[in-house]
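Participant: So my numbering is basically just the index in the sequence shown, starting at one, shifted up by 47.
No lab work stands behind these hints: they were computed from the structure.
Keep in mind that the hints are not guaranteed to be accurate.
As the list claims (entries may be wrong) - Below, computed lysine-lysine pairings styled on DSSO-like, alpha-carbon distance capped at 27 Å:
id, residue 1, residue 2
1, K249, K272
2, K80, K213
3, K319, K303
4, K162, K235
5, K303, K272
6, K352, K213
7, K162, K272
8, K319, K333
To be verified - Pair by pair, the computed Cβ-Cβ distance ranges are:
id, residue 1, residue 2, range
9, G233, R121, 30 to 38 Å
10, K235, Y127, 38 to 46 Å
11, N270, T354, 40 to 48 Å
12, F365, K162, 42 to 50 Å
13, Q366, G216, 39 to 47 Å
14, F74, R322, 46 to 54 Å
Everything numeric in this text was worked out from a predicted model, so none of it was measured.
Cβ atoms here follow ideal geometry from the backbone N, Cα and C, with glycine treated the same way.
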Amino acid sequence: MPLRTLLLTSVLLFSQTFAADRGCFDFFPGSYKIIGGHPSFAVGVNRFVSMKCPDRKKVVAHDRFRGICLFEERASKPLYLSDAKPPLYICPDKTESKHPIRTYPVSVYAGELAKRPGHEGALFSGCCRLAGIFDGEGRWFDAEAIRRLLEGDTSHSDVGARFAEKKIGVVVDSVDPFAGSGLMPGDKILKAGSFDHPSLRKTRELVDGCRVGERLTFGVERNGKSVSVEAPCFDRRGGGVLSDTFLERFGMHFSKSLRISEIDTSSISYKKGLRVGDRLLMIDGKPVGGEAEVREVLSGYAVQKRTPENMLWEREGFQFFLLPTSL
């Protein structure tokens, strides 16, 4: 189903304009601050939320997949949280400005503003009712994501598959060959959990909320036949603002150019010799240049029900083979 453009009234808060945008904010003194160079908003007593964790502040909860951070900062009158449902207005009314929303957030996937704002800020629905926060690229998360932070919940689940919306419906786009999900690339989703013909959003919600150790049942159409699949649920390792190659399960994350940007020193990848800065070049002789290519190549192994035999890496001009998947 094509994405609909929905209107959400927003107030784009940043240091240069906040002084002029008073009105109802007089009732919530200190609810907006620039901390560590980032706009931050009071969402609880002595609790602020921002798109980045500031230095020298005690972090209460950090959702690494969404990139949003809850930290301690003095606040006695936090803003109200509100669901992002139209009709939506800004506060104060005299500075009302409608801002189009292209998509809404779900799971670790950010929603998108229709226009790139160029700075971080907040979305409001009604007088001082915080509906979400966004980054300079126009990616945003809603009040529900903030509520989860306030509850200390930063968990996200995975079934080792990525989904996409096609003309025929929701399909499996790529599959992690290390996960043993039972799903295959190209599977059309007929049912997920108790939901028949779920939307892409609902499918992602069900995966995200699946309890680790349990199974999520899918009914799929594969090669013209109906197949039932019980996919095991486990902690998500990649996606959102983090890389999503399926190799994150081995303790590493990548930059857009497939260089290791961070690595867990207790992981198998580190123990076998990989380090920050190493770049992935090939998987069993197949060149890869980005996350989508890695997922596509690895999906082929899921179909064959096997895993790669080798990977080619580059470090400071030197190339070497190393498979970070087993001791």
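Participant: Now, for every hint given, state plainly whether the structure supports it.
Facilitator: Hint-by-hint comparison with the structure:
{"no.": "1", "hint": "K249 <-> K272", "in the structure": "holds, 23 Å"}
{"no.": "2", "hint": "K80 <-> K213", "in the structure": "violated, 43 Å"}
{"no.": "3", "hint": "K319 <-> K303", "in the structure": "holds, 23 Å"}
{"no.": "4", "hint": "K162 <-> K235", "in the structure": "violated, 32 Å"}
{"no.": "5", "hint": "K303 <-> K272", "in the structure": "violated, 38 Å"}
{"no.": "6", "hint": "K352 <-> K213", "in the structure": "holds, 25 Å"}
{"no.": "7", "hint": "K162 <-> K272", "in the structure": "violated, 43 Å"}
{"no.": "8", "hint": "K319 <-> K333", "in the structure": "holds, 22 Å"}
{"no.": "9", "hint": "G233 <-> R121: 30 to 38 Å", "in the structure": "violated, 54 Å"}
{"no.": "10", "hint": "K235 <-> Y127: 38 to 46 Å", "in the structure": "holds, 42 Å"}
{"no.": "11", "hint": "N270 <-> T354: 40 to 48 Å", "in the structure": "violated, 23 Å"}
{"no.": "12", "hint": "F365 <-> K162: 42 to 50 Å", "in the structure": "holds, 45 Å"}
{"no.": "13", "hint": "Q366 <-> G216: 39 to 47 Å", "in the structure": "holds, 43 Å"}
{"no.": "14", "hint": "F74 <-> R322: 46 to 54 Å", "in the structure": "holds, 52 Å"}
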